[in-house]
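In order, the protein sequences belong to chains A and B. The first sequence runs 75 to 632 under the numbering used here. The second sequence runs 75 to 632 under the numbering used here.
Incorrect hints may have been included.
[Claimed, not checked] Below, in silico cross-link-like pairs of lysine-lysine (DSS-like), each with a Cα-Cα straight-line distance of 25 Å or less:
#1 473(B) to 513(A)
#2 354(A) to 599(A)
#3 179(A) to 356(B)
#4 513(B) to 473(A)
#5 473(A) to 354(A)
#6 473(B) to 318(B)
#7 354(B) to 356(A)
#8 473(B) to 354(B)
Calculated directly from the structure, the hints in this document are not laboratory data. All values reported here derive from a predicted model rather than from experimental measurement.
Spelled out from the first residue to the last, the chains are:
Number of protein chains: 2
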Amino acid sequence: MNQANGRWNQQAQGRAQRLGRAAAVLGTRLHGKRVLAEDATKLLEAVLEPGDRVCLEGNNQKQADFLARALAQLNPAQVHGLHMVQSVLALPEHLDVFESGIASKLDFSFSGPQSARLAKLVSGGQIQIGAIHTYLELFSRYFVDLTPRVSLVCAQAADAHGNLFTGPNTEDTPAIVEATAFKSGIVIAQVNELVETVDRVDIPGDWVDFVILAPKPNVIEPLFTRDPAQISEIQVLMAMMAIKGIYAEYGVQRLNHGIGFDTAAIELLLPTYAESLGLKGKICNHWALNPHPALIPAIEAGWVESVHSFGSELGMENYIRARPDVFFTGADGSLRSNRALCQAAGHYACDMFIGSTLQIDLNGHSSTATLGRIAGFGGAPNMGADARGRRHATPAWLKAGAQAHQGRTGVSAMPRGQKLVVQIVETFREHMQPAFVEKLDAWQLAEQAHMEIPPVMIYGDDVTHILTEEGIANLLLCRTDEEREQAIRGVAGYTPVGLARDRRMVENLRDRGIIQRAEDIGIDKRDATRSLLAARTMRDLVRASGGLYDPPKRFRNW
Amino acid sequence: MNQANGRWNQQAQGRAQRLGRAAAVLGTRLHGKRVLAEDATKLLEAVLEPGDRVCLEGNNQKQADFLARALAQLNPAQVHGLHMVQSVLALPEHLDVFESGIASKLDFSFSGPQSARLAKLVSGGQIQIGAIHTYLELFSRYFVDLTPRVSLVCAQAADAHGNLFTGPNTEDTPAIVEATAFKSGIVIAQVNELVETVDRVDIPGDWVDFVILAPKPNVIEPLFTRDPAQISEIQVLMAMMAIKGIYAEYGVQRLNHGIGFDTAAIELLLPTYAESLGLKGKICNHWALNPHPALIPAIEAGWVESVHSFGSELGMENYIRARPDVFFTGADGSLRSNRALCQAAGHYACDMFIGSTLQIDLNGHSSTATLGRIAGFGGAPNMGADARGRRHATPAWLKAGAQAHQGRTGVSAMPRGQKLVVQIVETFREHMQPAFVEKLDAWQLAEQAHMEIPPVMIYGDDVTHILTEEGIANLLLCRTDEEREQAIRGVAGYTPVGLARDRRMVENLRDRGIIQRAEDIGIDKRDATRSLLAARTMRDLVRASGGLYDPPKRFRNW
Numbered sequence: 075m076n077q078a079n080g081r082w083n084q085q086a087q088g089r090a091q092r093l094g095r096a097a098a099v100l101g102t103r104l105h106g107k108r109v110l111a112e113d114a115t116k117l118l119e120a121v122l123e124p125g126d127r128v129c130l131e132g133n134n135q136k137q138a139d140f141l142a143r144a145l146a147q148l149n150p151a152q153v154h155g156l157h158m159v160q161s162v163l164a165l166p167e168h169l170d171v172f173e174s175g176i177a178s179k180l181d182f183s184f185s186g187p188q189s190a191r192l193a194k195l196v197s198g199g200q201i202q203i204g205a206i207h208t209y210l211e212l213f214s215r216y217f218v219d220l221t222p223r224v225s226l227v228c229a230q231a232a233d234a235h236g237n238l239f240t241g242p243n244t245e246d247t248p249a250i251v252e253a254t255a256f257k258s259g260i261v262i263a264q265v266n267e268l269v270e271t272v273d274r275v276d277i278p279g280d281w282v283d284f285v286i287l288a289p290k291p292n293v294i295e296p297l298f299t300r301d302p303a304q305i306s307e308i309q310v311l312m313a314m315m316a317i318k319g320i321y322a323e324y325g326v327q328r329l330n331h332g333i334g335f336d337t338a339a340i341e342l343l344l345p346t347y348a349e350s351l352g353l354k355g356k357i358c359n360h361w362a363l364n365p366h367p368a369l370i371p372a373i374e375a376g377w378v379e380s381v382h383s384f385g386s387e388l389g390m391e392n393y394i395r396a397r398p399d400v401f402f403t404g405a406d407g408s409l410r411s412n413r414a415l416c417q418a419a420g421h422y423a424c425d426m427f428i429g430s431t432l433q434i435d436l437n438g439h440s441s442t443a444t445l446g447r448i449a450g451f452g453g454a455p456n457m458g459a460d461a462r463g464r465r466h467a468t469p470a471w472l473k474a475g476a477q478a479h480q481g482r483t484g485v486s487a488m489p490r491g492q493k494l495v496v497q498i499v500e501t502f503r504e505h506m507q508p509a510f511v512e513k514l515d516a517w518q519l520a521e522q523a524h525m526e527i528p529p530v531m532i533y534g535d536d537v538t539h540i541l542t543e544e545g546i547a548n549l550l551l552c553r554t555d556e557e558r559e560q561a562i563r564g565v566a567g568y569t570p571v572g573l574a575r576d577r578r579m580v581e582n583l584r585d586r587g588i589i590q591r592a593e594d595i596g597i598d599k600r601d602a603t604r605s606l607l608a609a610r611t612m613r614d615l616v617r618a619s620g621g622l623y624d625p626p627k628r629f630r631n632w
Numbered sequence: 075m076n077q078a079n080g081r082w083n084q085q086a087q088g089r090a091q092r093l094g095r096a097a098a099v100l101g102t103r104l105h106g107k108r109v110l111a112e113d114a115t116k117l118l119e120a121v122l123e124p125g126d127r128v129c130l131e132g133n134n135q136k137q138a139d140f141l142a143r144a145l146a147q148l149n150p151a152q153v154h155g156l157h158m159v160q161s162v163l164a165l166p167e168h169l170d171v172f173e174s175g176i177a178s179k180l181d182f183s184f185s186g187p188q189s190a191r192l193a194k195l196v197s198g199g200q201i202q203i204g205a206i207h208t209y210l211e212l213f214s215r216y217f218v219d220l221t222p223r224v225s226l227v228c229a230q231a232a233d234a235h236g237n238l239f240t241g242p243n244t245e246d247t248p249a250i251v252e253a254t255a256f257k258s259g260i261v262i263a264q265v266n267e268l269v270e271t272v273d274r275v276d277i278p279g280d281w282v283d284f285v286i287l288a289p290k291p292n293v294i295e296p297l298f299t300r301d302p303a304q305i306s307e308i309q310v311l312m313a314m315m316a317i318k319g320i321y322a323e324y325g326v327q328r329l330n331h332g333i334g335f336d337t338a339a340i341e342l343l344l345p346t347y348a349e350s351l352g353l354k355g356k357i358c359n360h361w362a363l364n365p366h367p368a369l370i371p372a373i374e375a376g377w378v379e380s381v382h383s384f385g386s387e388l389g390m391e392n393y394i395r396a397r398p399d400v401f402f403t404g405a406d407g408s409l410r411s412n413r414a415l416c417q418a419a420g421h422y423a424c425d426m427f428i429g430s431t432l433q434i435d436l437n438g439h440s441s442t443a444t445l446g447r448i449a450g451f452g453g454a455p456n457m458g459a460d461a462r463g464r465r466h467a468t469p470a471w472l473k474a475g476a477q478a479h480q481g482r483t484g485v486s487a488m489p490r491g492q493k494l495v496v497q498i499v500e501t502f503r504e505h506m507q508p509a510f511v512e513k514l515d516a517w518q519l520a521e522q523a524h525m526e527i528p529p530v531m532i533y534g535d536d537v538t539h540i541l542t543e544e545g546i547a548n549l550l551l552c553r554t555d556e557e558r559e560q561a562i563r564g565v566a567g568y569t570p571v572g573l574a575r576d577r578r579m580v581e582n583l584r585d586r587g588i589i590q591r592a593e594d595i596g597i598d599k600r601d602a603t604r605s606l607l608a609a610r611t612m613r614d615l616v617r618a619s620g621g622l623y624d625p626p627k628r629f630r631n632w
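Take these sequences, add in the hints, and give me the full structure.
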């Protein structure tokens with residue numbers, strides 16, 4: 075309990091002591107809120123105490139990488155046992171701090187590139203995982219039981235008052251800083267520039283305690299760029315089925331797309347195939363989405379009314395600046411992203427989430443958790459869950475709900491809408507691994523890592539459609555577990571799961587429209603060619619943008 | 075489409091035109107961002123255009139009442155057909171604008187005091203309701219398809235740059251202003267003071283276009299104050315059952331309480347009855363909750379580690395300032411509330427929501443919608459829904475999930491947790507209206523108001539427990555619709571629904587622990603006396619606070 079000895083301001087007093095230690099250690103080297111880069115480690119040693127809950131900013135794009143390195147350089151004899159509460163484990167330093175003992179406990183959301191090393195450290199007992207969250211869930215806990223004591227964040231520029239300009243990658247910063255600053259915590263920001271006046275205020279200066287000009291601009295990853303040249307004709311076919319069999323069928327106007335070539339293909343088919351179906355203005359008007367370069371042709375063709383973003387995407391800066399009617403931008407012209415609010419938008423204001431996965435079982439449960447890797451799920455659990463608190467109706471939501479509730483009795487008879495949650499996968503993924511399995515690896519991983527329950531990304535009863543190159547399974551229409559199983563087997567192709575189908579039952583499901591093949595919805599597979607893509611190369615994307623899109627070097631392949 | 079004629083900055087150009095008109099009309103009467111109160115109507119006529127989407131701030135506490143009046147005074151010949159997107163209809167002016175034709179369409183969340191008048195205007199065709207939302211859902215749509223063109227907000231103070239200090243009632247302001255300011259909208263703030271320097275920056279000045287010093291401080295309602303003198307012994311009994319039968323049973327550490335005497339009784343029993351059960355430190359540590367005065371004794375007794383709040387509560391200012399370890403406060407010492415983030419916290423970081431309702435049907439669906447009133451549900455649908463995107467485990471969540479999934483097959487066999495959603499009601503409410511009904515009024519209301527589906531507040535399959543003076547029905551353990559129905563009838567007392575129970579089946583449910591009476595959990599009803607309340611009067615609350623709590627006049631009854 076905080077109020078031992080009748081004291082109710084221990085947090086504020088602790089803060090004052092930490093600030094006092096920092097002032098003492100830095101002396102005249104501290105200019106207002108400005109700390110020299112070479113003093114970063116000193117500053118951290120002054121303000122951190124063993125066991126502190128620390129948020130180190132970093133998401134799938136921008137990283138407070140300088141502060142991550144400074145943290146990793148601390149003396150574990152002095153600072154140890156930190157409890158890290160952070161969105162993403164992306165950099166080696168994010169795990170180095172556990173190896174050295176500086177940190178010992180971890181609550182997080184995603185660890186893509188570090189997932190194998192993370193699994194090793196967990197099994198070696200060097201990391202105690204609290205839990206793996208979806209982003210908005212982790213931010214929510216910042217205000218309840220995981221409030222950071224010290225936050226190390228990242229911005230483009232700061233002025234002398236500590237006002238921060240994040241540029242287009244605002245991302246997680248507002249949620250982190252608000253939780254920390256208003257609970258007597260300490261906020262330290264690394265910035266790329268010190269300026270007289272920031273272009274706009276993304277974080278008010280009085281929420282920020284220290285600002286450090288980092289020696290190099292922060293790391294930032296172009297995670298949402300997909301080269302159209304790598305889109306296969308199978309993916310074109312699946313995109314056609316998605317558009318005609320799901321988007322058009324339900325009239326999906328507000329949506330989120332996951333990362334990947336499957337959904338990039340859909341984006342690139344809007345101004346061509348979808349246009350030919352007369353769908354312009356009827357689908358895909360409003361997006362909760364990072365500024366995907368693959369969306370440029372659709373935007374240029376007038377398909378897109380608005381895009382709100384979790385983060386930004388490298389190279390899209392000038393394009394966004396020139397298309398402010400579509401994107402959320404500041405008076406300075408650059409994007410204002412906000413992961414917490416965009417995740418809320420993805421949950422409550424979108425009619426559909428479509429994304430991919432690594433494994434789907436016979437009940438439709440899906441997971442990207444595989445043996446030897448603790449990867450986390452980022453935003454998928456939040457956006458790929460039916461928003462049961464939603465109360466506004468749209469045609470897409472009502473139709474999905476009507477299909478789910480038709481003929482039901484008892485508690486399930488109450489009419490309500492439902493979110494469309496689509497899993498789009500090829501039946502075999504890389505190295506001929508089947509995407510359909512009898513049992514998810516998640517079960518074994520849960521045992522290995524001593525998790526209370528298997529780490530499922532999207533639960534089967536939230537999935538409404540599974541789309542493969544073999545067809546669409548509409549799980550909303552299934553009325554028994556057996557029907558659901560056969561609907562899944564019926565689109566699982568030549569995987570063992572697919573081969574074990576009950577052919578008669580699958581044909582029956584097809585007759586009832588629960589399974590739909592391409593030909594059932596009037597798609598001729600021979601039409602599924604790359605020529606349908608509105609852009610077939612990176613260069614096409616640049617051209618479509620009128621030269622405004624400036625892809626990162628690694629994508630400049632012409 | 076926005077980009078007609080190849081123009082992609084129509085919103086920014088529209089904004090510039092509107093600002094230009096304001097500058098022209100106000101001339102030298104405009105000082106920077108400051109507009110005189112007597113020019114408010116002129117300003118609104120200059121910046122508003124027919125059909126604009128407008129957010130008028132107001133929640134169940136603070137109201138931008140001066141701006142509401144100014145809006146209602148516009149000339150409908152000039153400004154008409156506005157689409158209001160606002161949390162709450164609380165003031166007469168919120169409906170006046172529809173009567174006069176200034177506004178015609180409405181998307182909102184709650185209309186408590188205006189619900190009867192709203193229903194009349196809807197049936198008279200003067201208001202077209204888009205939808206009724208839960209708060210976070212409406213905020214989410216601000217970033218997708220209901221972005222405000224002009225927002226009229228409310229703050230305590232502003233400086234010359236337009237930096238806003240909201241004081242403890244930050245509430246909805248950050249979400250509204252962010253959506254508007256970053257989509258080329260216009261933000262107008264009424265404030266109670268103009269100051270040299272704001273005590274803290276809640277909203278950066280460069281997100282705000284105009285500031286008006288209102289002639290009177292904004293209206294603010296003490297909605298969460300419950301006089302302990304009005305708590306009945308029935309409510310004490312129900313609170314005892316809640317604590318022993320649910321809070322202790324599941325080990326509920328993180329929670330939200332609805333408004334009402336039922337939950338106030340629980341708060342007041344923590345330092346007495348719950349303490350006697352040895353539950354201190356084991357339940358009710360972390361709260362997503364407005365600063366309820368009834369929580370003071372529990373806080374003082376060391377029960378509460380943290381409280382994050384949607385808004386504040388009048389009279390609690392000095393108490394909060396003196397207890398910063400518990401509340402989220404700014405450097406100025408006053409509360410920082412944030413409805414959007416606290417709703418997210420309520421959804422994702424709480425293990426339990428407990429609240430009341432007006433009607434519950436035989437499937438457990440509940441609603442406060444009654445004939446002739448269109449009231450909306452505020453935050454209840456968000457907090458009273460299972461958070462299916464949640465992935466972190468706590469004992470309470472795991473136990474509820476285990477009860478729900480035990481013995482299930484197929485898609486329901488996957489182990490997962492579940493949120494506890496408790497409906498606490500006396501079997502008869504005011505005027506002897508039964509709380510249990512065969513069919514919700516919501517069905518008839520939906521027909522009257524041409525809603526697509528009945529306005530249910532919390533769906534039956536999200537409700538885990540129903541608690542009345544007759545006992546607790548644990549719906550998690552029911553395995554058929556019939557069991558669920560009899561479990562509900564079995565706690566519905568002498569209402570027609572309760573009298574129609576199947577006695578044998580109810581006794582069977584009781585044997586299986588699905589229905590629990592007070593005596594089944596070791597509670598002697600004779601112990602349920604008001605003497606158990608840690609405060610029995612408003613004066614007791616003041617005393618418990620060490621004189622820091624300063625109740626509003628209407629509650630000063632000693």
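For each hint, the structure was consulted:
Using a Cα cut-off of 25 Å, the hinted pair residue 473(B) and residue 513(A) holds, with the two alpha carbons roughly 24 Å apart. Among the hinted pairs, residue 354(A) with residue 599(A) is consistent with the structure: their alpha-carbon atoms are about 23 Å apart, no more than 25 Å. The straight-line distance between the Cα atoms of residue 179(A) and residue 356(B) is roughly 22 Å, inside the 25 Å bound, and the hint therefore holds. Using a Cα cut-off of 25 Å, the hinted pair residue 513(B) and residue 473(A) holds, with the two alpha carbons roughly 24 Å apart.
About 20 Å separates the Cα atoms of residue 473(A) and residue 354(A), which keeps this hinted pair within 25 Å; it holds. With a C-alpha separation of about 16 Å, the suggested pairing of residue 473(B) with residue 318(B) holds against the 25 Å cut-off. For the given pair, residue 354(B) sits about 56 Å from residue 356(A) by alpha-carbon distance, which is inconsistent with the 25 Å threshold. Between residue 473(B) and residue 354(B) the alpha-carbon distance is near 20 Å, which keeps this suggested pair within the 25 Å criterion.
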